Amino acid sequence: MKKFFQMLVAGVVLACLLIGCGSKDYNAMQEKHAATKTYRDGVWKVRYYSNLEEYAGEVKGVTLYLSVDVEQEMSEEDMLDIMDYYEFTRNAKWDNQNHYIGEREAEYVCYAVFYQGGTDEEIRRIKYYNGKEVEIPEEEQSYFPKPNMHSSANEIGEDGVNGPLP
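Just so you know, we're using the working numbering here: the sequence shown kicks off at -15 and counts up by one.
Among these hints, one or two may not hold up.
[Claimed, not checked] 30 Å max Cα-Cα, derived DSS-like pairs, lysine-lysine:
(1) K130 with K8
(2) K116 with K8
(3) K21 with K77
(4) K29 with K8
(5) K130 with K44
(6) K116 with K21
[Unchecked claim] Restraint-style ranges between C-beta atoms, simulated for each label pair:
(7) S126 with E38: 35 to 45 Å
(8) K130 with D25: 35 to 45 Å
(9) E123 with L36: 10 to 20 Å
(10) E61 with Y39: 18 to 28 Å
(11) R109 with D9: 12 to 22 Å
(12) E106 with D9: 13 to 23 Å
(13) E57 with Q81: 38 to 48 Å
(14) S34 with P121: 17 to 27 Å
(15) G101 with K21: 33 to 43 Å
(16) P121 with D9: 19 to 29 Å
(17) K130 with D79: 36 to 46 Å
(18) K116 with G41: 39 to 49 Å
I should point out that these hints are in silico values taken from the structure, not numbers from a laboratory.
Source: prediction; values computed, not measured.
Where a beta carbon is used, it is the ideal one built from N, C-alpha and C, also for glycine.
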């Protein structure tokens, strides 16, 4: 019995070393995300981006202000995929070895506006709260990025927004 237990422990340790003790391949998940494909296909691009994090010893809340230029036909599902992508990337939880371990227990909200191409013609507004689209209260209408708000290439970065993006 003792030998079986030792072999079992050795197997678990070996498995943890090989697969990262339950860590998920963040880069592969990001690469396979539906929003990554539409971004790379030129369907959309970031017009404006601002991210705020609320701390109380650790991150307690993430608020993202986003506007998107829709360059090609985009469905409502595609727009929600973008909301999901940003929650996945901006609310990620990492362990001490910098391995992705899932989503933080922080409150996440995104105020997004979708504009037709480089114009100021608004297509849609979405308030995305903890994984789903929710109704927008009248008092929060001013939270959405205005048409004249643009992030510089420096703020956005070559591959998206402040680091890895689709």
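>> To test your reading of the hints: which numbers does this structure violate?
In response: 1, 7, 8, 10, 11, 12, 15, 16, 18
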